[in-house]
Each structure stands twice: as structure tokens, then as C-alpha cells.
Amino acid sequence: MVLNPGLGMEYHWQALPPDWPGNFWWHWLAFSVIILAFVLGLVMGFIWLERRGIGRFQIRLGPNRTGPFGLLQPIADAVKVLLKENIVPAAADKIVHWLAPLVAFVPTLMIFAVVPFQDGALLADLNVGVLYIVAISSISTVGIFMAGWSSSNKYSLLAAMRDVATVVSYEIPVVLSLAGVVLLAGSLSLNQIVMAQDIPFILLQPLAFLLFFIAASAEINRTPFDLLEADSELVAGFHIEYSGMKFALFYLTEYAEALAVSAIIATLFLGGWRGPVLPPWLWFVGKVVAVFSVMFWIRSTLPRVRIDQLMALAWKFLLPLALINLVVTAVQVLAWPEASLWAMVPVNVAIMAALVVTWSRLLKLGGGRVEV
Amino acid sequence: MGLGIAFWALAVISVGAALTVVFLRDVFRAALALVLCFLTVAGIFITLSADFLAAAQVLIYVGAISILIIMTIMLTRGVRQGSPSGKLRVPALFTALLFFAAAAFAVLNTPWQIAGAPPQEPTTAALAGRLFGEGGFILAVEIAAVLLLAIILGAIVLVREK
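Order-wise, the sequence lines are chains A and B. Okay, so the first sequence: first residue is 1 according to the working numbering, each after it adds one. Okay, so the second sequence: first residue is 373 according to the working numbering, each after it adds one.
If you are wondering where the hints come from, they were derived from the structure by calculation, not from laboratory data. Treat the hints with care, as some may be off.
Claimed, not checked - Derived SDA-like pairs (lysine to any residue); straight-line CA-CA distance at most 20 Å: (1) A:Lys-316 x A:Val-345; (2) A:Lys-94 x B:Ile-437; (3) A:Lys-94 x B:Asp-398.
Stated by the list, open to error - Covered, in the sense of this in silico footprint (three residues per stretch, anywhere, with C-beta under 8 Å from a C-beta of chain A), are these stretches of chain B: (4) 383-394; (5) 432-441; (6) 463-476.
As the list claims (entries may be wrong) - Chain B is faced by these chain A residues, among others (derived, beta-carbon under 10 Å): (7) Leu-123; (8) Leu-126; (9) Leu-131; (10) Ile-136; (11) Ser-137; (12) Ser-189.
Backbone N, C-alpha and C fix where the C-beta goes; we use that ideal spot for every residue, glycine too.
Just chain B, same shape as in the assembly:
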């Protein structure tokens, strides 16, 4: 009951915030709406008993990514007007509709499985076991780390003068 109310409230706010991001002309306000959207997604993680994921979501998306987005916006001109729509309006609409149809089709036609087991408590140890333990995803984690390192090095090489 309480969980249902929380889920629907968060879902409505989240979708509303996402729509605001798309429709607002003022890019700065749009970025703030994106922050709200990230926060409500963290709230939905909490209703799913995924407390570690919720904290990580806030830390990474609200604390880091959105701040980088806002910083980029501060270096942009004409923030309040946004970018006026150009010649590509119709193709963009077509692509968006196509993508929406594909996503809706995929979501509606997937047989979603609902676990009967109660959620694990605490989740941190279980997550760590899956990621770093035996038979876990340690290789993927390491590859992601190497990939990120390569990206950082690449960025340094690109922006360095001479």
C-alpha cells in the first residue's frame, strides 16, 4: 500500500521531470529538471530495496554528471532561448516516434518475471559477491576500469596544447 503510493508518486514526478527536460526552452532549468528526474529514479531504487544502487545513483548522477552538465551549460551562449528548431524537425520527429514504437513494443512484449523471494538485506555484500566474487563479473569490472582509464588518457592527450 505505502510502497504503491510511493512508486506512483515517484513515477509521475519522474516522467513529468523527463518531459520538462525535453520541452523547456531554458536549458539551465531543463538541467535542473534532469536532476529531479535522477533523484526520483533513486527513490524508485529505494522502493525496490536496492539501497546501495540508490545511493550510487545519487552520488554519480546527481553529484557528478548533472554538475558537469550544468557546468557545460554555463559555458554556453543564449541559455534562456535554447536552440531553435531547424530543418531537421520532421526527420527528428520520425526517428523519435520510431524509437518510441520499438521501445514500447519491446516493453509490452517481454514476459517480465517477478521474483517470489524477499529482497536481500543488506544488498552491499551480495552485490560485491556478484561483482568481485568467484564466478562473478570481475572481468567485466576490470575491463570497464581499463576502458575508463583509456578515456581519461585520451581526453588529456586531446586537450593538451603542443
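If we strip away everything but chain A, and leave its shape as in the complex, we get:
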């Protein structure tokens, strides 16, 4: 994982020209196809990996009947769900009900436009890349909202309300922890940030990594924070009234969001496509799968939090630590000597450990009492 520029092994791979295979339109077409294939392929892989992995965690087998090791299970599921009848409730707001899955899915797909697969291999190297990701991903929430409202179902409406509470709270630690990375790299472009990682930022910004991982998992409603579709309370949350292909789109969105967060973490904290010997895109995919594996490991380990615990975690734990991290990083960027960058690693890990330990001692999450 540690990238040593002194070895000189990772620069074998040439940077792609910005309009790689030819002109603007070919570039656009090629990368649209690549992104679609990447997202759909990896989402199917993730669904298989997660179901098999969680099966293992729970000491059972998981799906193993369709194809070798159950590898064809996601395809069978996809075919099944596409052939299902599409039911729209009589009291639903039809147009909004129809539009909601699209509004949720399209922004998630758009995130991948700025994620570099190898040097220069990305749809658009925006120089506001990180800001673009934060902005575009916030549109998905509107889609979930539309789904929750237009279904005319109290459970889906409750889920939508919980989603607002989560997104509004967790947006702040996400942005603040990304600000630390941007300060270190000195650029908002994802490709530039990867180039700046002679030392992966997970080592230089361990606290930001931790905060971003927690807050991003909460924002995409991965399991310890999946209040939005808490099966035992809300049946299935915002997509309870969806069936057939529209439900499939929501399911796809959920995993595409997990894929997006994994890709962003791999790019911003783990050095993106950089790595010795192997081709860069393979490093990138490997890191994405590694991050996702940690995500479903967490899912199979931790129970779901309560809504008050969710809010308290955002405002009393993540937000102050993110602010402290930002100040510490700013001071380090100004004052730390450029030559001894490696010495920053133990210092920052120590700062993280001290802060996390003291803060979790101070933090009280209601202790089982809920006062409204």
C-alpha cells in the first residue's frame, strides 16, 4: 500500500491525453460506456460479494445455486425484478412517483465523471472536482424525498423525514473532513489529489479518513445507519410502494452510492490509481473493492442505531472532531517543513487516537433515555 516514489516503479504507465481516443465526442462516448460498464459490473459484483460475505459472517452459505459459487445470482435477480409487474398506488402522485427513481439514480452515476481510473483517464477533469461530488450527490436526496412523498404511504414518508435529518446533519462532517484533504493536496481536482499522494492521505489524515468513512456511510444509509429503510420499523422505507424496474433502480442507486463512496475514499485517501507493478486501473478497482469489503464487514458487525443516537453522533462527535482536524491540518500545512512529511504520520495518528478516545469518553448518547 505504501507508495515510495523513490522506487520509480509506478510511473511506467503513461498519462492518457485529455481527449483520449481522438476528439471530444469520442472521449465522451468512450468514458460514458466505461463508466456505465464499471458501475453496473461492480454493483453486481458487490451484491454477490456482500451476500456471500454476510452469509459467511452469519455462519451460513449465502446464495450458491445459480452458477459457480452463486456468481450468476445478481443476474438472475436482475432479470426477475425487471420482469415483475409495475404497481403504482392509486393515491400516488403519478408523475413524481415515476420520476423519483431517475432523480435518485442519475446524480449517483454523474459522480463517476470526475473519478480517475488511471492517470488522466476520467470523463471530465474538473478543477472543482471534490466540490462537484459533494454538490451532485446531494441531489439524490431529492429523489428519495420524492419517492417518500409521492407514494402516499406513512412509512415511506417517515423514511423520507429520517433521510432529511440524516443528510442535513452528516453533510457538514463530510465536507469538513474533505476540506482537510483538499488543504493538503492544494487542489480540488481528483486527478491532482491522486498525484499529490506520494504518501497516501489515509496516513497523513487518519482522522479525516475515519470521519469521512463514518459520515459517508451514514449519508448513503449503510447499515449501522440504515434508519431510512429499517425493516422492522418502516417495512422497507421510502421504496415500499415501488416494484419492478423502478424498485430495481432504487436498489441499483443504493449500491452505486456505496460504490461511489468506496471510489471516493480510494481516490482521496488510499492513493487512487497509484501503486507499483500492476496497471493503475487494477490498483484502483482493487482499492475500491477493499473499501467496500470493510463497509459490509461493518454492516454485519454493528446493530442499527436509534434516531437520537444518529443525531448525537453527527453533532456531538463528528462535527467537533472535523473542526479540530481542519484547524490542525491548516496549521500543519502552513508550518510543517516540506522535507519531513513522513514525520507527520505518527503525529497525526497520535492526535487522532487521543481525540477519539477522549471524545468518546465525553460523549453521552442519551443512555437509553429519549427526551423529545
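Fit chain B to the supplied structure of chain A, relying on the hints for placement.
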């Protein structure tokens, strides 16, 4: 050419969405049309090479403000009927027309200056220089921050029981 097409498409959608916001009875759909309007404004920022502003527009207006608006709507009764017009219909029309006339007069009579210089690339550094650099608007930024802090504190004081 391409820019012209993009501008006109965005402008038409934006004005259409704004009119939809005003004319729709269903408040929830009106809020969604407002989201569309915000998005097209971000698109217009992109055609003006203001990429940072476009991203900030989406982040703040679509991601935060419209979500707060929708949340408020969810706490409202009779969303599908909207609010029926009351006695103030005529004064409201008069005020709106007056405001429209004033705005149209101001827009038509301003000598708009068109810069000959090509747009700056990237815009982020230039914006930061204007806001935080020497001779910039650092005082205004700080005052805005203090003002927002005061508003947040005020809101907490107002809603806190006892």
C-alpha cells in the same frame, strides 16, 4: 454556437420552471419545479465559465435550501390544494406588476458592459484571492460569518423550551 443553444435551452427551462412554481396549486410539485429552476441557474453559471459558482449553487440551493423547503412542506396541511387566493388578490397583482415594471425598467436601462478578456481558468484561486486576499472582501466575509452565527444562536434561543 453550442454555448448559444445551451444558454437558450437553460433560459427557457429556467423561466418555465419559475412560472410553474408560481402557478402550480400543488405546493410539493411547485417545490420540485423550484429545484429544477435552481439546477438550470447552475447550468447558466457553467456556460459563463463560473464552475465554482455552479457547484456552490447546486450544493447550497439544491442540496440544502430546497430540502429545507420540502421538509417544511411535509409539515403543512392541504398540500395538494395549495392556498386559495383571498381578499388581497387585487393589491397583490398591483404590487407584483409594479415590481415587474421597476425590474424591467432597471434591466433595460442599464448599460451592460461586456468584458473583452477571456474567462479565468481556474476560477477557484481567483475567487479566493478576491475574498480572502489583500484588498479583498475579507471584512464582508467575516461580518457575514458573525451574522450567521448570531442567527443560529437566535434560532436556538427562540425554540428552546424554558
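Would you pick out the hints that fail for this structure and give their numbers low to high?
1, 2, 4, 6 and 7
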